[in-house]
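Kindly produce the complete structure, drawing on both the sequences and the hints.
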Amino acid sequence: MRLSRRVLPWIAALAGLSLGIGLIWGFFFTPDDYKQGSTVKILFIHVPAAMMAINAWIMMLVTSLIWVIRRHHVSALAARAAAPAGLVFTLIALVTGALWGQPMWNTWWEWDPRLTSFLILLLFYLGYIALWSAIEDPETAADLTGILCVVGSVFAVMSRYAVKFWNQGLHQDSTILKVGEKDPLDVAYYVPLVICLVGFVLFFILIVLLRTRMLIRARRLIALEARERLG
Amino acid sequence: MELRVENLAVARGGLVVLEGISFTLCPGQALVLRGPNGIGKTTLLRTIAGLQPPVSGAISAATDDLAYASHADGLKSALTVDANISFWASVYGSGQTAAAAALDRLELTALRHRAAGQLSAGQKRRLGLARLLVTGRPVWLLDEPTVSLDQAAVALFAGVLRAHLKEGGAALIATHIDLGLEEAGGLDLTPFRPKHQRAVAGGFDDAFGEIIGAPG
Amino acid sequence: MIALLARDLSLAFRAGGGFGLGLAFFLLVVVLVPLGVGPDSAILAAIAPGVLWVGALLASLLSLDRIFALDHEDGSLDLLATAPLPLEGVVAIKALAHWLVTGLALTLAAPLLAVLLNLPAPGYPWLLLSLAVGTPALSVIGAFGASLTIGLRRGGLLLSLLVLPLYVPTLVFGAEVVRRGATGLAPATPLALLAAITAGSLALLPFAAAAAIRVNLR
Numbered sequence: 043m044r045l046s047r048r049v050l051p052w053i054a055a056l057a058g059l060s061l062g063i064g065l066i067w068g069f070f071f072t073p074d075d076y077k078q079g080s081t082v083k084i085l086f087i088h089v090p091a092a093m094m095a096i097n098a099w100i101m102m103l104v105t106s107l108i109w110v111i112r113r114h115h116v117s118a119l120a121a122r123a124a125a126p127a128g129l130v131f132t133l134i135a136l137v138t139g140a141l142w143g144q145p146m147w148n149t150w151w152e153w154d155p156r157l158t159s160f161l162i163l164l165l166f167y168l169g170y171i172a173l174w175s176a177i178e179d180p181e182t183a184a185d186l187t188g189i190l191c192v193v194g195s196v197f198a199v200m201s202r203y204a205v206k207f208w209n210q211g212l213h214q215d216s217t218i219l220k221v222g223e224k225d226p227l228d229v230a231y232y233v234p235l236v237i238c239l240v241g242f243v244l245f246f247i248l249i250v251l252l253r254t255r256m257l258i259r260a261r262r263l264i265a266l267e268a269r270e271r272l273g
Numbered sequence: 061m062e063l064r065v066e067n068l069a070v071a072r073g074g075l076v077v078l079e080g081i082s083f084t085l086c087p088g089q090a091l092v093l094r095g096p097n098g099i100g101k102t103t104l105l106r107t108i109a110g111l112q113p114p115v116s117g118a119i120s121a122a123t124d125d126l127a128y129a130s131h132a133d134g135l136k137s138a139l140t141v142d143a144n145i146s147f148w149a150s151v152y153g154s155g156q157t158a159a160a161a162a163l164d165r166l167e168l169t170a171l172r173h174r175a176a177g178q179l180s181a182g183q184k185r186r187l188g189l190a191r192l193l194v195t196g197r198p199v200w201l202l203d204e205p206t207v208s209l210d211q212a213a214v215a216l217f218a219g220v221l222r223a224h225l226k227e228g229g230a231a232l233i234a235t236h237i238d239l240g241l242e243e244a245g246g247l248d249l250t251p252f253r254p255k256h257q258r259a260v261a262g263g264f265d266d267a268f269g270e271i272i273g274a275p276g
Numbered sequence: 007m008i009a010l011l012a013r014d015l016s017l018a019f020r021a022g023g024g025f026g027l028g029l030a031f032f033l034l035v036v037v038l039v040p041l042g043v044g045p046d047s048a049i050l051a052a053i054a055p056g057v058l059w060v061g062a063l064l065a066s067l068l069s070l071d072r073i074f075a076l077d078h079e080d081g082s083l084d085l086l087a088t089a090p091l092p093l094e095g096v097v098a099i100k101a102l103a104h105w106l107v108t109g110l111a112l113t114l115a116a117p118l119l120a121v122l123l124n125l126p127a128p129g130y131p132w133l134l135l136s137l138a139v140g141t142p143a144l145s146v147i148g149a150f151g152a153s154l155t156i157g158l159r160r161g162g163l164l165l166s167l168l169v170l171p172l173y174v175p176t177l178v179f180g181a182e183v184v185r186r187g188a189t190g191l192a193p194a195t196p197l198a199l200l201a202a203i204t205a206g207s208l209a210l211l212p213f214a215a216a217a218a219i220r221v222n223l224r
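Protein chains in written order, with my numbering: chain A, 43 to 273; chain B, 61 to 276; chain C, 7 to 224.
Think of the hints as simulated: they come from the structure by calculation, not from any bench. Be a bit skeptical, because a hint or two may be false.
Unchecked claim - No farther apart than 25 Å at their CA atoms in a straight line, the calculated lysine to any residue pairs in the SDA-like style are these:
id: 1; chain 1: B; residue 1: Lys226; chain 2: B; residue 2: Ala160
id: 2; chain 1: B; residue 1: Lys226; chain 2: B; residue 2: Ala215
id: 3; chain 1: B; residue 1: Lys255; chain 2: A; residue 2: Gln144
id: 4; chain 1: B; residue 1: Lys255; chain 2: A; residue 2: Leu266
id: 5; chain 1: A; residue 1: Lys206; chain 2: C; residue 2: Ala9
id: 6; chain 1: B; residue 1: Lys184; chain 2: C; residue 2: His78
id: 7; chain 1: A; residue 1: Lys206; chain 2: C; residue 2: Gly206
id: 8; chain 1: B; residue 1: Lys255; chain 2: A; residue 2: Lys206
id: 9; chain 1: B; residue 1: Lys184; chain 2: C; residue 2: Leu11
id: 10; chain 1: A; residue 1: Lys206; chain 2: C; residue 2: Ala198
id: 11; chain 1: B; residue 1: Lys255; chain 2: B; residue 2: Lys226
id: 12; chain 1: B; residue 1: Lys184; chain 2: B; residue 2: Gln211
id: 13; chain 1: A; residue 1: Lys206; chain 2: C; residue 2: Val60
id: 14; chain 1: B; residue 1: Lys184; chain 2: C; residue 2: Ser16
id: 15; chain 1: A; residue 1: Lys206; chain 2: C; residue 2: Leu167
id: 16; chain 1: B; residue 1: Lys184; chain 2: B; residue 2: Gly196
id: 17; chain 1: B; residue 1: Lys184; chain 2: C; residue 2: Leu167
id: 18; chain 1: B; residue 1: Lys226; chain 2: B; residue 2: Asn97
id: 19; chain 1: A; residue 1: Lys206; chain 2: C; residue 2: Ile53
id: 20; chain 1: B; residue 1: Lys184; chain 2: C; residue 2: Ala18
id: 21; chain 1: B; residue 1: Lys226; chain 2: A; residue 2: Ser175
id: 22; chain 1: B; residue 1: Lys226; chain 2: B; residue 2: Leu247
id: 23; chain 1: B; residue 1: Lys226; chain 2: A; residue 2: Gln144
id: 24; chain 1: B; residue 1: Lys184; chain 2: C; residue 2: Ala198
id: 25; chain 1: A; residue 1: Lys206; chain 2: C; residue 2: Leu11
id: 26; chain 1: A; residue 1: Lys206; chain 2: C; residue 2: Leu208
id: 27; chain 1: A; residue 1: Lys206; chain 2: A; residue 2: Gln144
id: 28; chain 1: A; residue 1: Lys206; chain 2: C; residue 2: Gly56
id: 29; chain 1: B; residue 1: Lys184; chain 2: C; residue 2: Leu15
id: 30; chain 1: B; residue 1: Lys184; chain 2: C; residue 2: Pro90
id: 31; chain 1: B; residue 1: Lys184; chain 2: B; residue 2: His131
id: 32; chain 1: A; residue 1: Lys206; chain 2: C; residue 2: Ala52
id: 33; chain 1: B; residue 1: Lys226; chain 2: B; residue 2: Cys86
Below you can see the structure in the form of structure tokens.
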């Protein structure tokens with residue numbers, strides 16, 4: 043708690059700074075794509091949001107495992123705290139994807155493997171959050187959502203492959219990892235994109251920290267109330 | 061087959077409800093747990109039955125010595141009395157003769173072709189208790205076994221229990237009614253209430269309730 | 007174990023046991039889709055594999071919440087957990103009973119309903135085979151979902167929300183087998199993947215479900 047309070051303002055400032063620089067640079071100081079025009083600039087939100095949507099789930103998996111194995115309470119609450127953030131990132135990725143897809147592929151929605159996977163991921167997030175909020179006892183809720191998260195992860199990976207198998211898709215391949223090769227993504231985009239990515243990561247950490255602190259306080263309140271009642 | 065409980069603490073809803081309980085139950089003995097509603101009799105029985113983990117302390121008994129009978133009888137109202145008891149007889153591998161004998165002992169033989177849903181509350185309870193006989197297990201953990209039984213049925217059940225003890229069985233009973241078992245010891249749970257309300261160590265309330273003083 | 011299976015089956019076939027409900031629902035889906043989509047037999051033939059699989063999936067979803075909830079209500083789940091049966095085995099048996107009552111019945115009914123949707127003739131054996139291979143996975147995944155929502159009073163909707171995303175791979179591969187079979191492509195690959203999902207789910211999910219039940223009974 044104490045440590046988190048001390049680092050919070052720094053993370054907030056850094057997140058704001060890198061997001062500000064990255065987005066402004068990305069939106070106003072990069073050239074238009076010769077094919078996609080200025081619509082390409084939505085990638086500065088779309089790509090980091092999509093990456094964070096997956097990273098948030100991975101973080102939930104890790105913290106759930108820490109809870110299941112080591113029974114570390116903050117870890118369970120951190121997993122819970124990350125879920126709504128992951129859900130929102132998934133939504134942002136889907137919405138910006140739709141906005142980008144409209145001028146590019148001339149359709150708002152396409153049952154493309156990547157898009158479909160994100161839709162399924164959205165369902166996973168919804169189920170996870172719903173299970174947390176449905177169970178009163180925190181220990182039971184933490185255990186059951188932990189089990190769901192682990193099993194869900196396996197099925198999420200299977201769904202990804204299933205969906206890939208099912209439709210080869212319109213979506214361009216992920217560009218970011220290919221920079222080293224034939225450089226399909228211009229350096230002009232690459233630098234602000236990385237700054238945006240850092241900003242999104244910091245922003246995510248900020249939200250998770252804030253929400254974890256909030257959940258810890260809520261638990262503390264319940265514990266205090268229970269103590270009050272019982273004398 | 062001996063049930064030994066040492067320095068046991070049990071919890072409900074993240075709070076310790078009973079602690080420091082020790083007793084030994086030898087063959088032929090019965091122990092009646094007493095105490096006001098909500099003191100944790102059910103929690104104690106469930107913990108000993110292995111349905112929930114103890115907070116601390118030890119329970120030494122082979123789990124296949126224990127037969128637990130909860131508030132609910134676990135009856136399927138769509139099935140006949142016969143089918144209900146035979147099911148548990150085959151789960152415990154004790155065979156159909158044991159099932160018929162159990163029904164006989166609790167005077168349910170005449171009702172055996174009735175659906176369990178059509179029984180009166182007391183008859184259901186007797187059927188639930190008949191299940192204990194087909195488990196073939198020596199140590200019975202009974203949670204309010206006499207609820208909704210009339211006087212005659214209580215006496216009937218006390219007879220069954222006495223016979224079970226004579227055969228070297230044992231029973232741990234949470235009840236408010238005097239079963240008239242002279243050989244049964246009593247254990248008042250009131251002194252085992254924790255002096256101060258406290259959360260289970262390592263539980264959620266403990267993890268976050270104890271750092272109230274900490275800033276941030 | 008066998009006694010448990012027999013008990014669950016006889017309960018399912020009795021009044022209020024839910025047998026037939028799934029089949030009726032399956033029939034409803036298959037009747038309603040052409041009414042909504044229109045009578046064009048070419049379109050119906052094209053969407054038949056997917057509609058049949060989605061219908062079977064939704065129909066098996068219908069009775070999932072009964073797998074453990076009823077036993078929890080009347081106390082028999084507590085008693086089963088203290089009985090000399092491994093809880094993992096109880097889960098497996100209950101999933102098997104669910105499959106025999108819904109999955110198997112749906113599998114056998116599917117070819118009849120496929121006639122209504124003009125499924126091309128080569129698709130029939132693959133429809134039967136893919137449902138026979140895939141519906142056990144639906145039952146065991148469903149049993150896992152049901153084990154998570156045991157203690158909840160209105161767990162039905164939550165259960166659907168939890169289970170549907172887990173059903174995705176099964177649905178995708180299952181419908182793909184039929185689609186490929188119906189159009190004369192080789193359905194071996196998706197069939198193998200479908201079988202792998204079923205085998206993996208059957209092997210691992212009973213353990214996860216038993217762990218969840220223990221947590222819920224605590």
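Discussion item. Can you confirm whether the C-alpha distance between B/Lys226 and A/Ser175 stays at or below 25 Å?
Written reply: Roughly 51 Å separates the two Cα atoms, so the pair is violated.
Discussion item. Between the alpha carbons of B/Lys184 and C/Leu11, is the straight-line distance 25 Å or under?
Written reply: holds (23 Å)
Worksheet entry | Pair hint outcome, B/Lys226 versus B/Ala160 [Cα-Cα no greater than 25 Å] | holds (21 Å)
Item to complete: Please work out if B/Lys184 and C/Ser16 have their alpha carbons no farther apart than 25 Å.
Response: holds (20 Å)
Fill in: B/Lys226 paired with B/Asn97 [C-alpha distance capped at 25 Å]
violated (30 Å)
Discussion item. Need the status of pair B/Lys184, C/Ala198: alpha-carbon distance at most 25 Å?
Written reply: violated (50 Å)
Discussion item. Tell me if the straight-line CA distance from B/Lys184 to B/Gly196 falls inside 25 Å.
Written reply: Holds, at roughly 20 Å.
Worksheet item: Within a Cα-Cα threshold of 25 Å, do A/Lys206 and C/Leu208 meet the stated pairing?
Response: Holds: A/Lys206 and C/Leu208 sit about 24 Å apart, inside 25 Å.
Worksheet item: Is it true that the CA of A/Lys206 sits at most 25 Å from the CA of C/Val60?
Response: Holds - the C-alpha atoms of C/Val60 and A/Lys206 are around 19 Å apart, at most 25 Å.
Discussion item. So if I understand the rule, the pair passes when the alpha-carbon distance is 25 Å or less; does B/Lys184 with B/His131 pass?
Written reply: holds (12 Å)
Worksheet item: Within 25 Å, alpha carbon to alpha carbon, are A/Lys206 and C/Leu11?
Response: The hint is violated at about 38 Å.
Worksheet item: If you draw a straight line from the CA of B/Lys184 to the CA of B/Gln211, is it 25 Å or shorter?
Response: holds (15 Å)
Violated hints, listed in ascending order, are 3, 5, 8, 11, 17, 18, 21, 23, 24, 25; each of the other numbered hints is respected by the structure.
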